[in-house]
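Asks: Spelled out, the chains give:
Protein chains: 2
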Amino acid sequence: MSVTISDLTKKSILGYSSCLSATDSVARIVSGVMKPSEIISECIAHIEEYEMKVGAWSFIDKYRAINEASELDKIKPEGPLFGIPFGVKDNIDTHDMPTAHGTSIYEGSQPSRDAACVAGLRFSHALPLGKTVCTEFAHRAPGKTGNPWNLDYTPGGSSSGSAAAVASGMVPIAIGTQTTGSVIRPAAYCGVIGYKPTYGDFNTSGVLANTPSFDTLGFFSKEIEDMVLIRRALLDDSIPALLNDSLKNVKIGIAVEPYWDNACDLNMSMIEQVESLLIRAGAQVLKFDGTEAFKNLEQIGTNISGYEFARTLSHERRCFYDQLSPILRDGRMADGFKINYSQYALSIQEMERLRIKLDDAMSRVDFVICPSAPSTASLGLHETGSASFNMAWTWLHTPVVTLPIAFDTKTELPLGLQMVGKRHQDDKLLTHASAVLKYLFK
Amino acid sequence: MSVTISDLTKKSILGYSSCLSATDSVARIVSGVMKPSEIISECIAHIEEYEMKVGAWSFIDKYRAINEASELDKIKPEGPLFGIPFGVKDNIDTHDMPTAHGTSIYEGSQPSRDAACVAGLRFSHALPLGKTVCTEFAHRAPGKTGNPWNLDYTPGGSSSGSAAAVASGMVPIAIGTQTTGSVIRPAAYCGVIGYKPTYGDFNTSGVLANTPSFDTLGFFSKEIEDMVLIRRALLDDSIPALLNDSLKNVKIGIAVEPYWDNACDLNMSMIEQVESLLIRAGAQVLKFDGTEAFKNLEQIGTNISGYEFARTLSHERRCFYDQLSPILRDGRMADGFKINYSQYALSIQEMERLRIKLDDAMSRVDFVICPSAPSTASLGLHETGSASFNMAWTWLHTPVVTLPIAFDTKTELPLGLQMVGKRHQDDKLLTHASAVLKYLFK
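Going line by line, the protein sequences match chains Y and G.
Position 101, counted from 1, in the first sequence is what the working numbering calls 342; the numbers after and before it change by one each time, with no gaps.
Position 243, counted from 1, in the second sequence is what the working numbering calls 484; the numbers after and before it change by one each time, with no gaps.
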């Protein structure tokens, strides 16, 4: 058993050709070296080559994308994502492609409008190539997607297709959603960068809710700078470029109890190796004490997610109960009927207090690190793995990034380093993530 | 100029026949005195008689409702709203009726699922009669609805049709939404009870967002007990009945600065009369000091609503910009492009601090009162009136009720008394509202 620190975005897997990152593509389009139609053709070629085995997509509309790209060929590049192909998780509405929420109940169902995030990326002339596979209602029943690193292993979920599409070079960027660990876990399992923003920053209009108090969008890429372009497109163009910061005297907390000490030996070894590299880079590494913020967190959070999820899916519960998977019906939905309104309302207030306690704990560090998942992806496509390492950060509303920086030398499956920032300081977190990547690999 | 304190739910207006309240209807159905089909027939008769002049509905599906009611006739009553007809604001999705969001852009558009609130009411065997008129995207451009008290006057907005339908006896209850004053204002203008819950309590899945940080559902009725039934149907059956409380030693704060001292003389006079009646009932009435919670509130809130609203409607901005009204484009949407992301993120944090300051100020009273709107409804259907008296409470996430307790003796238009409770204490607020109504009129 051993783990090797390695820049997985540069590692070729199973013979997949990588596509250009969004940042590189935009640079080539702006400088006139490549045209949008050439960028999209490369992605489509990869889809045609790998999709049969990976199964990342629930719907692909290559002809529309090709037509739109050739229209862009004719005009002057403008907007942060001009000509960039992207994937859209299938719980996010698109006015010109069906949205099935990962269930046969809504197969072929056509929304009347684009979700705000899809329209926002289109505004900056990015081109959606299709809809990516989502677990059933973004809960746990998996779709058809395999892990591009080893197709017998889970890609994670619920944003399974978005992670796998980016990992196998079919698109440079993809949109996902996270309620517990639905972006960070699949990104870690698939060896790509995943970013879950501060709760509330990105508009979720047109995204099917799961647990509204926790739901956020999230994004996948192979280059950290791509996240800046996405933020510019969806937030506004005032988002700063990543600074070329050093890690000297940066305070880094290592999260341990009560969740992260369940990590497998490989993950423990990854954290130890990262720790000594960060210390060598001049960072101050200390144990992160979040005890106060994590008190009863799991119970409180399960009360909230159960109560809200069961109500979000009231229509499906009423009209399609028999078509819901047992894991959904007997899992989070059943949880929701074990607590009553006053327990829910108390949990909401208690969670808000925990958030303030985490803000307080976070004030003693610049960012926190821990593994992105308890282990590498597990064998089999029947389940999507554990979100236990992501839950606290999602529920407490902090921004999180996972970096694909290590792999198991035996299985050759990826491991992710989870970096957690302070609420509303996503730009700083992304800058630190860039610095960590640079220090580890350059 | 004079104002008369009067129970407007008992006052017949313009010759409309009132329909039974939800509470009364359920009692009659459960005791076998009436059948669901008789309840719905009465509502349909009122719609056929009044709708031509009031214009409360954008879509009516009476045959489906009649069929569903006759199915209910055959079974044993169960659920808090068995056989109760209701109206659904047209920015709320229904799987079997179109949802147009108050704009010709989405005329006839058919969602694939029911919003959580619609499915939740249907679960308790309530029957949606149709979709009620909504201003354009729940912003300010009005629909066709007139104020049932005087059809030349605005019913208020954005939940115009829901308020007017309940006011004119077409349905006992209706669903609306509020982002600033879209439930409380039309309820006050139309002389019915309006209830805007604590932010977050009611699931908004399937409701078109406006400003996600402020959006809540809201409800209209003519009897305060009806709100308990709605809460049982949508939250859970643990919601308590209203206690028969007295107002003895209850601490009531009167909100004055910086918003409510702009009230018209009629409203001032209403508050004075209510104050002396409440004192006579044994309540302690004091001036409510919310200064700290209202500091820069308007600027902070406008930053948030502008930023979020402009992004919620990204698809419409991209594809239908010319079909948006000038008041929407040049109003809240334009506001949204005047601030950048960091100003927005600061405003979100500042608003959260103001909420905690309001919690603190509210801890010194049991509830707060003020007028529900600066004046009675204004003449003309070209605008929907000012939400300035509702803004603070909505943005600060407190529960609010408006009671139809007074009218202008000259114009015979209603005035509403706004009651504000503490966050997550809606049951207590509704109990106090019931006590206020009982003391004023019984």
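Keep in mind that a hint or two might mislead.
Identical copies go unnamed one by one, so any copy, or any two together, can satisfy a pair.
[To be verified] Heads up, simulated DSS-like pairs for lysine-lysine below, C-alpha to C-alpha not over 25 Å straight-line:
| no. | residue 1 | residue 2 |
| --- | --- | --- |
| 1 | Lys598 | Lys663 |
| 2 | Lys679 | Lys303 |
| 3 | Lys294 | Lys536 |
| 4 | Lys579 | Lys669 |
| 5 | Lys683 | Lys315 |
| 6 | Lys315 | Lys251 |
| 7 | Lys598 | Lys315 |
| 8 | Lys579 | Lys651 |
| 9 | Lys315 | Lys528 |
| 10 | Lys669 | Lys492 |
| 11 | Lys492 | Lys579 |
| 12 | Lys317 | Lys489 |
Calculated from the structure, these hints are not laboratory results.
Asks: At most 25 Å between CA atoms: does that hold for Lys315 and Lys528 within a copy, between copies, both, or neither?
Replies: neither (55 Å within a copy, 66 Å between copies)
Asks: For Lys683 and Lys315, with the copy left unspecified, which applies at a CA distance of at most 25 Å: within, between, both, or neither?
Replies: neither (38 Å within a copy, 75 Å between copies)
Asks: Which holds for Lys579 with Lys651 at a C-alpha limit of 25 Å: within a copy, between copies, both or neither?
Replies: Answer is neither: 43 Å inside a copy and 54 Å across each miss the 25 Å cutoff.
Asks: What label fits Lys669 with Lys492 when the C-alpha limit is 25 Å: within, between, both, or neither?
Replies: Classified as within; 13 Å inside a copy, 47 Å across copies.
Asks: Classify it for me, Lys579 with Lys669: is the Cα-Cα distance of at most 25 Å met within a copy, between copies, both or neither?
Replies: between (40 Å within a copy, 24 Å between copies)
Asks: Between copies, within a copy, both or neither: which fits Lys598 and Lys315 at Cα up to 25 Å?
Replies: The answer is neither: 53 Å in one copy and 55 Å across copies each exceed 25 Å.
Asks: Please work out whether the CA atoms of Lys294 and Lys536 approach to 25 Å or closer within one copy, between two copies, in both situations, or in neither?
Replies: Answer is neither: 43 Å inside a copy and 59 Å across each miss the 25 Å cutoff.
Asks: Between copies, within a copy, both or neither: which fits Lys315 and Lys251 at Cα up to 25 Å?
Replies: Cα proximity of Lys315 and Lys251: none, with 32 Å in one copy and 68 Å across.
Asks: Cα distance capped at 25 Å. Does Lys317 pair with Lys489 within a copy, between copies, both, or neither?
Replies: Close neither inside one copy (41 Å) nor across copies (73 Å); limit 25 Å.
Asks: If the cut is 25 Å between Cα atoms, do Lys492 and Lys579 qualify within a copy, between copies, both or neither?
Replies: Answer is neither: 42 Å inside a copy and 36 Å across each miss the 25 Å cutoff.
Asks: Reference check for the pair Lys598 and Lys663, CA-CA at most 25 Å: within, between, both, or neither?
Replies: both (12 Å within a copy, 23 Å between copies)
Asks: Pop the pair Lys679 and Lys303 into one bin, within, between, both or neither, using alpha-carbon distances up to 25 Å.
Replies: For Lys679 and Lys303, neither the intra-copy (35 Å) nor the inter-copy (66 Å) Cα distance is at most 25 Å.
Of the numbered hints listed earlier, those contradicted by the structure are 2, 3, 5, 6, 7, 8, 9, 11 and 12.
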